[in-house]
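Asker: Below, each chain spelled out in residue letters.
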Amino acid sequence: AQSVTQPDIHITVSEGASLELRCNYSYGATPYLFWYVQSPGQGLQLLLKYFSGDTLVQGIKGFEAEFKRSQSSFNLRKPSVHWSDAAEYFCAVGPRGGSYIPTFGRGTSLIVHP
Amino acid sequence: DVKVTQSSRYLVKRTGEKVFLECVQDMDHENMFWYRQDPGLGLRLIYFSYDVKMKEKGDIPEGYSVSREKKERFSLILESASTNQTSMYLCASRPGHSNQPQHFGDGTRLSIL
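Here the protein sequences line up with chains Y and G, keeping their order. Going from the first sequence to the working numbering is simple: count from 1 and add 31. Going from the second sequence to the working numbering is simple: count from 1 and add 56.
Think of the hints as simulated: they come from the structure by calculation, not from any bench. Possibly wrong hints are sitting among the right ones.
To be verified - Below 30 Å or equal to it, Euclidean Cα-Cα: the simulated DSS-like pairs (lysine-lysine) are:
| # | chain 1 | residue 1 | chain 2 | residue 2 |
| --- | --- | --- | --- | --- |
| 1 | Y | Lys99 | G | Lys126 |
| 2 | Y | Lys80 | G | Lys111 |
| 3 | G | Lys69 | G | Lys126 |
| 4 | G | Lys74 | Y | Lys80 |
| 5 | Y | Lys80 | G | Lys69 |
| 6 | G | Lys109 | G | Lys127 |
| 7 | G | Lys126 | G | Lys109 |
| 8 | G | Lys111 | G | Lys126 |
| 9 | G | Lys127 | G | Lys74 |
| 10 | Y | Lys92 | G | Lys113 |
To be verified - Anything over 10 Å on all C-beta distances counts as not near chain Y; from chain G, calculated:
| # | residue |
| --- | --- |
| 11 | Arg65 |
| 12 | Gly72 |
| 13 | Lys74 |
| 14 | Ile116 |
| 15 | Glu128 |
| 16 | Leu134 |
| 17 | Asn140 |
| 18 | Ser154 |
Think of the CB as a built atom: it goes at the ideal place given N, C-alpha and C, for glycine as much as any other residue.
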């Protein structure tokens, strides 16, 4: 069965510092991978996705993620964090079965200090 | 842009009531989902609908049912609300049986008293 682990429940960074959020997955084949962001009081918004090809994926809001098959990881990065990046971040892996239902990690809460 | 609209942002109901949460999407998506979000537990799938009148149980279907009479609308029903169903509920939609990302509504924060 597929699974997703986000090892960090909370991460605190200073504004302007770099950011890396970790995501590890367990899946028998090449997965589809997603990162979503949830701002307070909002639904989830897609940041980026990986299906195949180039393992470094660019997303919205200046985020990028790198798929590393050997490490079963899909870590999210941003070179310089802004206060507005404070949010909950979810990694997801698919598909699960014929219905292509993704499995979500438990999320990482990002706190940004001024 | 895809719009997924959940009928209520906040809802307060009493134990034992029958509760309806409504979700409408405007992009003719075949797939629709209901998730429950609780702190530290992430998103847990309650039900999934892959087409009109078609549904599959997710990971935590107990105490819930769903209805999809029209393609654009997916309703979550709490048959007899209990306090342990107090939570944030998120609806999502997606085109077809595909690897495409989901589009989420803003959520309904439901409190059962």
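Asker: Is it correct that the beta-carbon of Glu128 (chain G) has no partner in chain Y closer than or equal to 10 Å?
Answerer: Holds, because the least Cβ-Cβ distance between Glu128 (chain G) and chain Y comes to about 17 Å, which exceeds 10 Å.
Asker: Between the alpha carbons of Lys126 (chain G) and Lys109 (chain G), is the straight-line distance 30 Å or under?
Answerer: holds (8 Å)
Asker: Given the hint that Lys80 (chain Y) pairs with Lys69 (chain G), does the C-alpha gap stay at or below 30 Å?
Answerer: Measuring from Cα to Cα gives roughly 38 Å; hence the hint is violated.
Asker: Holds or violated: are the alpha carbons of Lys80 (chain Y) and Lys111 (chain G) at most 30 Å from each other?
Answerer: OK: Lys80 (chain Y) and Lys111 (chain G) at ~26 Å, within 30 Å.
Asker: Can you confirm whether the C-alpha distance between Lys111 (chain G) and Lys126 (chain G) stays at or below 30 Å?
Answerer: Answer holds: Lys111 (chain G) to Lys126 (chain G) is near 13 Å, not above 30 Å.
Asker: Does the structure keep Lys74 (chain G) and Lys80 (chain Y) at a Cα separation of 30 Å or less?
Answerer: Distance ~38 Å between Lys74 (chain G) and Lys80 (chain Y) Cα, so the pair is violated.
Asker: Would you mind confirming whether the straight-line C-alpha gap from Lys69 (chain G) to Lys126 (chain G) stays at or under 30 Å?
Answerer: Cα-Cα ~26 Å, so holds.
Asker: For Arg65 (chain G), is the shortest CB-to-CB distance to chain Y above 10 Å, so the non-interface label stands?
Answerer: violated (8 Å)
Asker: Measure nothing beyond the straight line between the CA atoms of Lys109 (chain G) and Lys127 (chain G); if it is 30 Å or shorter, mark the hint as holding.
Answerer: holds (9 Å)
Asker: Tell me if the straight-line CA distance from Lys99 (chain Y) to Lys126 (chain G) falls inside 30 Å.
Answerer: Measuring from Cα to Cα gives roughly 41 Å; hence the hint is violated.
Asker: Just to be careful, I want the Cα atoms of Lys127 (chain G) and Lys74 (chain G) compared with a cutoff of 30 Å; is the pair within it?
Answerer: holds (23 Å)
Asker: Would the pair Lys92 (chain Y) and Lys113 (chain G) pass a check requiring their Cα atoms to be no farther apart than 30 Å?
Answerer: violated (35 Å)
Checked against the numbered hints above, the structure violates hints 1, 4, 5, 10, 11, 18; every other hint is satisfied.
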